[in-house]
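S.K.: These are the residues of each chain, in order.
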Amino acid sequence: MSCHIVHERAGAAAQTLRLRARPLRLALVGQPNVGKSVVFGRLTGRYVTVSNYPGTTVAITRGRALVGAEVCDIVDTPGVNALDGTISEDERITRDVVAGADCDIVVQVADARNLRRALMLTAQLAGFRKPMVLALNMVDEAFARGISIDAAALAEALRVPVVEMVAVEGRGLSELRGALAAAARPYVPALPQASGRAVWAHELTERVRRVSTLSLAYVQETLARATRRPATGLPILAAVLYALYLFVGVFGAQTLVKLLEDGLFGQGINPAATWLADRFIPVPFIRDLLVGQYGVITMGFTYAIAIVLPVVATFFLMFGFLEDSGYIPRLAIFCDRIFRVMGLNGKAVLPMVLGLGCDTMATMTTRILGTPKERLIAILLLALGIPCSAQLATILGILGGISFVALATLFTVVLGQMFFVGWLAARVLTGDRSEFILELPPIRWPRPGNLLTKTRLRVWWYLGEAVPLFLIGTVLLFVLDRLGALTIVAAAGRPIVTGLLGLPPATAQILVMGFLRRDYGAAGLFQLAHSGQLTGVQAVVALTVMTLFVPCVANFLMMVRERGVKTGLAIVAVITPIAIFTGAGLNYVLGYLGVQF
Amino acid sequence: MCSVTLAFSSNATRPLSELRPGVRGVVFEVRASNSGRVDRLLGLGVTPGARVTVLQTFPGVVFLCDQTELAVERGVAASIIVRCEETQS
Chain F
1 MSCHIVHERA GAAAQTLRLR ARPLRLALVG QPNVGKSVVF GRLTGRYVTV SNYPGTTVAI
61 TRGRALVGAE VCDIVDTPGV NALDGTISED ERITRDVVAG ADCDIVVQVA DARNLRRALM
121 LTAQLAGFRK PMVLALNMVD EAFARGISID AAALAEALRV PVVEMVAVEG RGLSELRGAL
181 AAAARPYVPA LPQASGRAVW AHELTERVRR VSTLSLAYVQ ETLARATRRP ATGLPILAAV
241 LYALYLFVGV FGAQTLVKLL EDGLFGQGIN PAATWLADRF IPVPFIRDLL VGQYGVITMG
301 FTYAIAIVLP VVATFFLMFG FLEDSGYIPR LAIFCDRIFR VMGLNGKAVL PMVLGLGCDT
361 MATMTTRILG TPKERLIAIL LLALGIPCSA QLATILGILG GISFVALATL FTVVLGQMFF
421 VGWLAARVLT GDRSEFILEL PPIRWPRPGN LLTKTRLRVW WYLGEAVPLF LIGTVLLFVL
481 DRLGALTIVA AAGRPIVTGL LGLPPATAQI LVMGFLRRDY GAAGLFQLAH SGQLTGVQAV
541 VALTVMTLFV PCVANFLMMV RERGVKTGLA IVAVITPIAI FTGAGLNYVL GYLGVQF
Chain R
1 MCSVTLAFSS NATRPLSELR PGVRGVVFEV RASNSGRVDR LLGLGVTPGA RVTVLQTFPG
61 VVFLCDQTEL AVERGVAASI IVRCEETQS
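Those protein sequence lines, which keep their order, are chains F and R.
Our numbering applies: residue 1 is where the first sequence begins, and numbers increase by one.
Our numbering applies: residue 1 is where the second sequence begins, and numbers increase by one.
If you're looking for bench data, these hints aren't it; they were derived computationally from the structure.
Computed from a predicted structure; not experimentally measured.
Cβ coordinates follow ideal geometry from the N, Cα and C atoms, glycine included.
Each hint can be trusted.
Here are the simulated distance ranges between beta carbons: (1) R:F58 to F:L259: 44 to 54 angstroms; (2) F:V405 to R:P21: 34 to 44 angstroms; (3) F:Q254 to R:R24: 46 to 56 angstroms; (4) F:P230 to R:R24: 16 to 26 angstroms; (5) F:P230 to R:E85: 22 to 32 angstroms.
Construct the entire structure; sequences and hints are all you get.
M.R.: Right, dumping it as structure tokens:
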């Protein structure tokens with residue numbers, strides 16, 4: 001394998017180093033899932049989330065890198081299959097970067113296994129008349145599949161430097177840095193039509209690429225086949241969900257939570273804090289603020305660290321593993337037909353599953369969907385029914401301790417409601433659904449390094465994002481309690497909370513907190529359930545209502561950012577009554593049937 | 001009608017949606033009444049001349065095009081006209 005050799009066009013003009021008024025600006029552009037973010041991370045030292053599915057990056061990230069003696073600004077862009085014609089929102093973002101004056105050099109990152117596709121994009125990029133370098137990434141995987149590319153001939157034909165890389169291992173990076181100075185406008189015949197580009201790409205590919213029948217990737221191919229066929233794929237899905245339940249629901253939500261809540265906080269931190277407060281803080285008001293019933297330490301910290309953190313951490317670890325393995329997009333094959341009823345196509349499984357990590361991020365990921373109608377429906381359903389990891393934590397924590405049937409009831413009701421609302425939205429909203437065309441990434445063994453980095457960053461992100469809100473929420477509760485407002489809230493909510501939903505009056509304040517962050521509200525339920533103030537039926541009803549609420553303030557703001565204030569408010573206005581009436585209906589039905597969990 | 005054809009003729013051309021798993025061939029033509037579908041397929045490397053292998057046909061059509069595994073709905077697969085390889089028995 002003639003790896004890591006920079007093939008520059010013959011007779012490239014010698015470049016002179018000169019001082020620039022501003023740093024050189026590079027854009028990393030390429031098809032989805034070719035490793036742009038890995039190259040970006042390697043060049044800049046900045047980590048951006050890397051996963052094994054198309055559409056991990058849906059916004060641009062900027063960073064700086066030292067190339068030779070020069071400082072460069074580098075832009076990581078969302079993956080694109082095309083830059084003209086009908087393109088999705090994330091593709092438009094990339095096109096604007098390439099077309100803008102902010103981009104001096106385009107580095108096209110390509111998957112060496114798919115040269116034809118890469119060249120289709122090269123032909124379109126050539127139209128922007130920017131100097132280019134072509135980075136052929138993953139030459140190791142191409143080699144394992146019997147594909148070899150004559151990079152020198154390719155460089156000769158395109159008249160741009162071609163660099164062979166294995167970016168995850170850092171191979172070919174110094175060659176890429178070196179090639180930037182020789183970046184040149186690609187020599188591609190002017191082909192405005194996709195059909196003309198297809199013929200050109202095909203001919204050039206046939207000329208520089210050799211494919212032998214040799215394949216060294218048996219294990220991956222067997223797994224890839226097993227995960228997408230219904231006969232084997234559905235049992236595998238069941239096994240994956242069960243493993244998720246065991247690791248997150250049992251190990252995280254029960255073993256670890258018990259250890260932290262009863263052990264560390266119950267016997268260590270909280271008694272110590274209370275003792276210290278009693279001893280050194282003479283003002284009862286401040287003492288209560290810290291260690292009282294609504295104390296920052298006894299309630300806020302305990303919720304965030306002891307109840308939610310263990311589940312979030314175990315979930316992110318398992319989730320990262322699934323992301324990097326390339327498994328998640330395969331679910332789209334099974335979901336396509338069901339999603340079609342809801343005005344979506346199988347591709348929407350990506351934002352939906354990502355919503356289990358964080359609904360706010362997933363709302364942004366809906367950019368990969370084809371039409372505005374699909375985006376709106378996906379955003380609505382994310383806000384309505386998909387519990388984020390923190391909320392999943394509390395659900396598993398409460399219902400896992402009651403019974404499996406209780407858990408199944410909750411998910412059946414929530415999924416049924418999502419299906420119904422999706423079905424309705426597909427009929428009420430105007431616009432089209434796009435066709436289901438999805439690229440399936442190869443099955444890969446996740447890299448432990450990336451998995452750990454990703455999990456660590458996500459846990460830090462959770463701590464930075466959720467903990468302050470938990471603390472603010474606690475202070476707010478404390479103040480409301482002192483002002484006597486909590487009793488007013490409870491009284492005002494009584495007709496709904498105790499009347500319609502059949503919940504104890506104390507739940508009113510928890511539902512109020514659920515508006516701020518639904519996992520925070522759910523954490524409140526957790527304590528209530530823990531102290532035996534909720535029956536099984538009440539826990540299921542309360543959690544169902546909470547799950548159907550809009551997730552959190554951050555999610556609401558993201559909806560506003562992506563779709564505008566009017567749509568954001570409309571979604572809240574639709575979801576809130578649905579949540580309450582579903583809860584009321586569930587309470588009535590369970591009561592009528594006399595179900596006890 | 002928007003269509004992109006390879007410059008050779010053959011009788012044994014059939015839509016991908018009608019092929020059974022395991023059948024190999026070469027893309028002969030990509031045609032559809034909406035040009036968006038053609039553009040998207042071409043952008044994914046489903047171009048005349050590309051080698052394809054049908055991997056499965058239920059619940060959706062999954063096929064290998066070069067080294068890309070693509071999952072599409074049946075209607076889309078009907079737009080991809082394939083010149084099948086002679087099957088050796």
